[in-house]
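Novice: Okay, here's what each chain looks like letter by letter:
Number of protein chains: 2
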Amino acid sequence: MSDSAVLISEVGPRDGLQNCAAAMPLAFKKRWIEAEAKAGVTEIEVGSFVSRRLLPQMADTGQVVEFARTIPGLVVAVLVPNMRGAEAAVAAGAHKITLPLSVSETHSLRNIRRTHDQVIDEARAIAEFLSGLPEGERPHFEGSLSTAFGCTLEGPIEEDSILRLAERLVEAGCDEVGLSDTTGYADPASVKKLIRAVRGVVGADKLQGVHLHNTRGLGLANALAAYEEGITTFDSSLGGLGGCPTAPGASGNIVTEDLVFMFESMGVSTGIDLEKLMACREIVAAGVPDEDLYGFLPRAGLPLGFVSSQT
Amino acid sequence: MSDSAVLISEVGPRDGLQNCAAAMPLAFKKRWIEAEAKAGVTEIEVGSFVSRRLLPQMADTGQVVEFARTIPGLVVAVLVPNMRGAEAAVAAGAHKITLPLSVSETHSLRNIRRTHDQVIDEARAIAEFLSGLPEGERPHFEGSLSTAFGCTLEGPIEEDSILRLAERLVEAGCDEVGLSDTTGYADPASVKKLIRAVRGVVGADKLQGVHLHNTRGLGLANALAAYEEGITTFDSSLGGLGGCPTAPGASGNIVTEDLVFMFESMGVSTGIDLEKLMACREIVAAGVPDEDLYGFLPRAGLPLGFVSSQT
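Here the protein sequences line up with chains P and Y, keeping their order.
Okay, so the first sequence: first residue is 818 according to the numbering used here, each after it adds one.
Okay, so the second sequence: first residue is 818 according to the numbering used here, each after it adds one.
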């Protein structure tokens, strides 16, 4: 992370593309990642190491990681559902791996066919595997608490149950936990409350990031609430591409362009050049031409006299 | 205002409809206002008393006010650009009248062809006229500082200039001033800063409401910021209808449905039933069939297990 006040972690090449019907060709993925890095984005989740059969859009993740690692200063993140994915991530050279654990066991079973105990066991096995690696080859390991603000299958999840799972992920060896509003159920009050509660059990240094969706329009208000609560890492997706296909009705990542605009307008530095960031939309539009791209700022343009923290 | 923690002031029948190409027939306006009042909305800006030639969509405002006054408990608000409008508003029986003053003099000249001094003079004349009315017939008089967060013609406006205009409106006899982000230039930090500054010169009791737009996607984040700063009255428009036609590129009121959802999710009571509120969209869609209606909540639906403060 640079001198920026907040870290915008682009998840479009993973969370966005895995929800697109068509696979984006490798050449476009490379152009996209390179262009966003040039715009000042310093962390990108470039893919996931999952079954090619289930998610053919992610089949080239190894090559994407290999390419992304050549970009100076870029933290190359990937999502892994299990030990096999973690091994592939390490082999490819990812800097950060994220293992999702849905706090809704119903969602977990439907999404990755695993109980909570099974996912915790997997986290422990991955952590042990990583701890055996030489220092320089060991990626940062995050356990992401998905459906943390409620589940479209189970509704609200008991806070105590979430806190216990956060503790268990850290005990299993995760360097950090994240909170993910997979279903777009969060609101500014619940965001603040859950951040405080989870930090209360795992420590503030072990919860620094949130993954928020804009399903019901509260994405940026929730990001503001998280920022006010001290969160410094925010996942978002260029053009709002993606969502969660296994949670019915859930769609819509936070739009990176709008999120960066909010922080930059507030004088909170992101390190990102908004004009260059918005120019990346053309690459995405060309790479997955059947997909809609979202975002308010790209339609309305920057305000007259807007001064970014980058200028 | 009821026991609700915040007052949602619906401006769709005015700010929304005056920006629609076609005029909504009177019968639909009545159905809309009645249905929103039944959903729990306690203040509605039902129209404006302006030139029929310039805004034929508002030509029946007198009849709309007359009808709206028959709805028990509803505060019937109107916008007036001048003394003539104020006289018409009083004759019709409006409970609240709002006079806009654009803090961008360029915008003021283009929008209503008046300088700041001329608008302040008009405010003073209106206040004098109102003070001569019997107590029960005297409407609440608000001066609304439009383009308060920046202007598409002038860019950012000096804070000192805004504060002086706020003071002058109160000195001229306005009961209250409001802040209006006519152009969608506000961000959460500027919202908090300007609210504090204006309250510093006119007193907190004389600034209780904001009119925010969602042009660049920050509408709800800005509303959250205003709420955190103690603001209790929020303008919004059903389906996000409307914007400001004289500020190029500006469009998009905050969507009432999403705004109410944000507050209700946070446990902040609005007094509004979201299901009934969303049902009003059908009336608007039928009354101005060529207009797009916006809103995230209406597309995604309420979260599973959602509990409103109304139930």
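Accuracy of the hints is not assured; some may be wrong.
Given that identical chains are not distinguished, each listed pair holds provided it fits within a single copy or across any two copies.
Simulated crosslink set (DMTMM-like; lysine to aspartate or glutamate; CA at most 25 Å straight-line) [unchecked claim]:
id, residue 1, residue 2
1, K855, D820
2, K847, E1045
3, K855, E945
4, K1009, D1109
5, K1009, E1046
6, K1010, E1045
7, K913, E984
8, K855, E1046
9, K1009, E904
10, K1009, E1045
11, K855, E971
12, K1010, E904
13, K1093, D977
14, K847, D992
Rather than coming from a laboratory, the hints here were simulated on the basis of the structure.
Novice: Find the hints from earlier in the document that the structure breaks and name them by number, from lowest to highest.
Specialist: Going through the list in order, the structure violates hints 2, 3, 4, 8, 9, 11, 12, 13 and 14 and respects the others.
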